[in-house]
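Visitor: Sequence:
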Amino acid sequence: MSESEITTLINEKLSMQLDCVSWNKKFDVLAVGAYMIDPTDSTKRVGKVFLIQLKLEANDNDKNWEPYKIIQEVNLSGVLDLRWEPENQMELAVATSSSMDVYKLLDSEKLELNLVDSLHLDSMALYTQWMDPVKLIFSDSDGVLNIATTTPLKIETSKKIHDNLTWVVQYSPGNNLVFAGSDEGKFTGFLLENIEDEEKHFVKKFQVGVTSILFLSEKVIAVGSYDDTLRIFSIDHMNPIVLSLKKKIEFGGAVWRTISLPYMSNNSTGEVETDKDLLLVAACARNGIHLVHLNLNDWSFDTKATCLEHEGFLGYGLDVKLEKTSKTCVIASCYFDNHQLHVWKTQPFH
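The opening position of the sequence shown corresponds to residue 1 in UniProt numbering, with each subsequent residue numbered one higher.
The set of hints was computed from the structure by calculation and includes no laboratory data. Note that this is a predicted model, so its numbers are computed, not measured. Hints should not be assumed to be uniformly reliable.
Stated by the list, open to error - Here are the simulated DSS-like pairs of lysine-lysine, each with C-alpha atoms no more than 30 Å apart in a straight line: (1) K135 / K154; (2) K205 / K246; (3) K324 / K26; (4) K345 / K69; (5) K205 / K186; (6) K345 / K104; (7) K104 / K25; (8) K327 / K345; (9) K159 / K110; (10) K200 / K247; (11) K159 / K204; (12) K154 / K200; (13) K204 / K246; (14) K110 / K219; (15) K200 / K159; (16) K25 / K219; (17) K324 / K69; (18) K159 / K186; (19) K200 / K246; (20) K44 / K160; (21) K159 / K219; (22) K55 / K276; (23) K248 / K186; (24) K248 / K13; (25) K248 / K110; (26) K324 / K219; (27) K200 / K186; (28) K246 / K219; (29) K205 / K110; (30) K186 / K135; (31) K324 / K248; (32) K25 / K13; (33) K44 / K135.
What the hints assert, rightly or not - DEER-style ranges, computed between Cβ atoms: (34) E5 / P67: 11 to 21 Å; (35) T8 / E193: 41 to 51 Å; (36) P152 / D107: 19 to 29 Å; (37) P67 / K26: 25 to 35 Å.
Even for Gly, the Cβ is constructed at its ideal location relative to N, Cα and C.
With the sequences and hints as input, model every part of the structure.
Guide: Here is the structure:
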């Protein structure tokens, strides 16, 4: 079956190297993070958060229509990750090379980010996830996992689980499991209540660094790494944790970010096909963005779309908006080397 066509909506070079993007669906704005070594001091990192308003649908009555507008640039140290709080989408967590920050989106005369609180760090915050509306988990360059409240921003639990850069951490509220992966290939999991009890930690060693982790369900997890492979594991037991490898998907590039969406049927109603069918979207470093239909019953998969618009450049940032009525995926991806923000759409459900 042929792959879906790709339609570019925005293809814009920004002023810095880009490594993360998070889509606020409520206000249709992107937060895009930038990171680079300070050109005047190689020991320092500098960065920005670009707040970008999207208007992807043309308005024939608006002569000044433009598909996007940068409405704010926040200067700070190098940004490694950022994420909107998923429920109210008014708070933005930002992991930087020197701090963990929380911003609030003000909606008055214009949209604007306002710093609520900042937590200074002696290490680089690398990845963050909202555990609930007032709590974050984040990993850092020293191999430490941190759980912090946001009102005020304060670390309540810290645990060193790896020896160096812990690129990714994922928490599943449904079963209270935490998994994290590091640059040296160590992959660690535990029930949250066992965070301090290392004897109850699940530890697996990959030959290369672990770069992405995603819960596909409470009993299935996807783990990406530098070896261009996404490994799908079933979670057979939680205490102790037992995993079984079910599938390997080769993408031809380090699997840096993954997102899953319900797979919609191709009939006129457009309902979700089954709860065992998912659409996986993967940002694969220098080998583009891939959309794959995965079945969790027989572990079969097929590629639905591939975007190689910026092949050869480091694609780190990824977020997706699903338009259910038209069964369209609108994808925001960003690239490190060429400073490029790419927003594009495809219809993968066929």
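Visitor: Next, verify each hint and record whether it holds.
Guide: Each hint, compared with the structure:
| no. | hint | verdict |
| --- | --- | --- |
| 1 | K135 / K154 | holds, 9 Å |
| 2 | K205 / K246 | holds, 17 Å |
| 3 | K324 / K26 | holds, 15 Å |
| 4 | K345 / K69 | holds, 19 Å |
| 5 | K205 / K186 | holds, 5 Å |
| 6 | K345 / K104 | holds, 29 Å |
| 7 | K104 / K25 | holds, 15 Å |
| 8 | K327 / K345 | holds, 10 Å |
| 9 | K159 / K110 | violated, 40 Å |
| 10 | K200 / K247 | holds, 26 Å |
| 11 | K159 / K204 | holds, 18 Å |
| 12 | K154 / K200 | holds, 26 Å |
| 13 | K204 / K246 | holds, 16 Å |
| 14 | K110 / K219 | violated, 42 Å |
| 15 | K200 / K159 | holds, 14 Å |
| 16 | K25 / K219 | holds, 27 Å |
| 17 | K324 / K69 | holds, 25 Å |
| 18 | K159 / K186 | holds, 15 Å |
| 19 | K200 / K246 | holds, 24 Å |
| 20 | K44 / K160 | holds, 24 Å |
| 21 | K159 / K219 | holds, 25 Å |
| 22 | K55 / K276 | violated, 34 Å |
| 23 | K248 / K186 | holds, 18 Å |
| 24 | K248 / K13 | violated, 34 Å |
| 25 | K248 / K110 | violated, 46 Å |
| 26 | K324 / K219 | holds, 26 Å |
| 27 | K200 / K186 | holds, 16 Å |
| 28 | K246 / K219 | holds, 12 Å |
| 29 | K205 / K110 | violated, 48 Å |
| 30 | K186 / K135 | holds, 25 Å |
| 31 | K324 / K248 | holds, 29 Å |
| 32 | K25 / K13 | holds, 23 Å |
| 33 | K44 / K135 | holds, 29 Å |
| 34 | E5 / P67: 11 to 21 Å | holds, 19 Å |
| 35 | T8 / E193: 41 to 51 Å | holds, 47 Å |
| 36 | P152 / D107: 19 to 29 Å | holds, 23 Å |
| 37 | P67 / K26: 25 to 35 Å | violated, 19 Å |
Checked against the numbered hints above, the structure violates hints 9, 14, 22, 24, 25, 29, 37; every other hint is satisfied.
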